[in-house]
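*Asks:* Line by line, the protein sequences are chains A and B. Each residue of the first sequence is one higher than the one before, starting from 708 at the first, in the numbering used here. Each residue of the second sequence is one higher than the one before, starting from 745 at the first, in the numbering used here.
Because the hints were derived from the structure by calculation, they are not lab data. Where hints are given, some of them may not hold.
[Said to hold, decoys possible] Lysine to aspartate or glutamate pairs mimicking DMTMM-like chemistry, simulated, CA-CA at most 20 Å apart:
id : chain 1 : residue 1 : chain 2 : residue 2
1  : A       : LYS749    : B       : ASP786
2  : A       : LYS775    : B       : ASP846
3  : B       : LYS757    : B       : ASP846
4  : A       : LYS775    : A       : ASP746
5  : A       : LYS708    : B       : ASP786
6  : A       : LYS749    : B       : ASP829
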Amino acid sequence: KQEVTQIPAALSVPEGENLVLNCSFTDSAIYNLQWFRQDPGKGLTSLLLIQSSQREQTSGRLNASLDKSSGRSTLYIAASQPGDSATYLCGSNSGSRLTFGEGTQLTVNP
Amino acid sequence: AAGVIQSPRHLIKEKRETATLKCYPIPRHDTVYWYQQGPGQDPQFLISFYEKMQSDKGSIPDRFSAQQFSDYHSELNMSSLELGDSALYFCASSYVRPGKGDEQFFGPGTRLTVL
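Just chain B, same shape as in the assembly:
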């Protein structure tokens, strides 16, 4: 079965650089979520999109932005990178029925290292 695809899998950047992470949801899934997992921590919700519109916003820094495109893939853009941005970034997707949450399927993650 098709899973959530994330690219790149690993990314190394310098401080103050920019990074773009990509997520391709499971076919026919209409909702994409982004989570950040720091070392030894649980995943923290950043932002989600339903049918290409932002549906919820969590603890996402103003330096970060994201969008969902017409083919439902999503990109997380990160600017002015800081050392503390080093983390695993997960994308998840689901098919959401209105008024109900639904099962989220996670991608393998992008490991971002900021030097």
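Just chain A, with the same shape it has in the complex:
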């Protein structure tokens, strides 16, 4: 059974800092991995999708990496802004379902 862990559980940074969120998973037989953003009480917004054959994906200030062999993914956020404050979830896709970590709650202080 896939287990996904995210570290840290919470992170508070001043505006403008670069930061890294970590995601680890126990079963490397994944099709892809998605990073999501969730605002309080809201839905999940897909940020980046990395296929199992890829090592990296970039979208604007976001960069996600994937190392299947070690069961790890990172989400790098450059030049953080207060609007980036949210919970970030990673989900590993085994082909028919996403298994999520518990998320990292990010606060970017002005």
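Got chain A sorted already, so can you dock chain B onto it with the hints?
*Replies:* Chain B only, in chain A's frame:
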């Protein structure tokens, strides 16, 4: 761009009542997934349908059932509601290529409160 539509957005029910949640996937998406997110928890997979057939089943209680219709919309039926069923219920959709997972797009969720 069209997104996943869920209705209703909010639902309040009493214990032992029934509830029906609806999901309309993004046009041309053939797969629908249901997830349950309890307060302060991560989303948990319930069930999925590909081309109107159940494709995977997770931690869905026997009191719950779901189906996908010919127009690809899906309904989650919940009976004998319990207090612990209070949660955000998300529907997601994707276009799945055989043998590959694909990007899942989530709806805004239905917040179910059981009193």
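*Asks:* Starting from LYS749 (chain A), check that the Cα of ASP829 (chain B) is at most 20 Å away, please.
*Replies:* holds, 18 Å
*Asks:* Under the criterion that the straight-line Cα-Cα distance not exceed 20 Å, is the pair LYS749 (chain A), ASP786 (chain B) satisfied?
*Replies:* holds, 13 Å
*Asks:* Quickly compare the C-alpha distance for LYS708 (chain A) and ASP786 (chain B) to 20 Å and report which way the hint goes.
*Replies:* holds, 16 Å
*Asks:* Taking only the CA atoms, is the gap from LYS775 (chain A) to ASP846 (chain B) under or equal to 20 Å?
*Replies:* holds, 17 Å
*Asks:* Would the hint linking LYS775 (chain A) and ASP746 (chain A) be met if the CA-CA limit is 20 Å?
*Replies:* With Cα atoms ~28 Å apart, LYS775 (chain A) and ASP746 (chain A) exceed 20 Å; violated.
*Asks:* Going straight from one Cα to the other, do LYS757 (chain B) and ASP846 (chain B) come out at no more than 20 Å?
*Replies:* Violated, at roughly 34 Å.
Checked against the numbered hints above, the structure breaks hints 3 and 4 and satisfies the rest.
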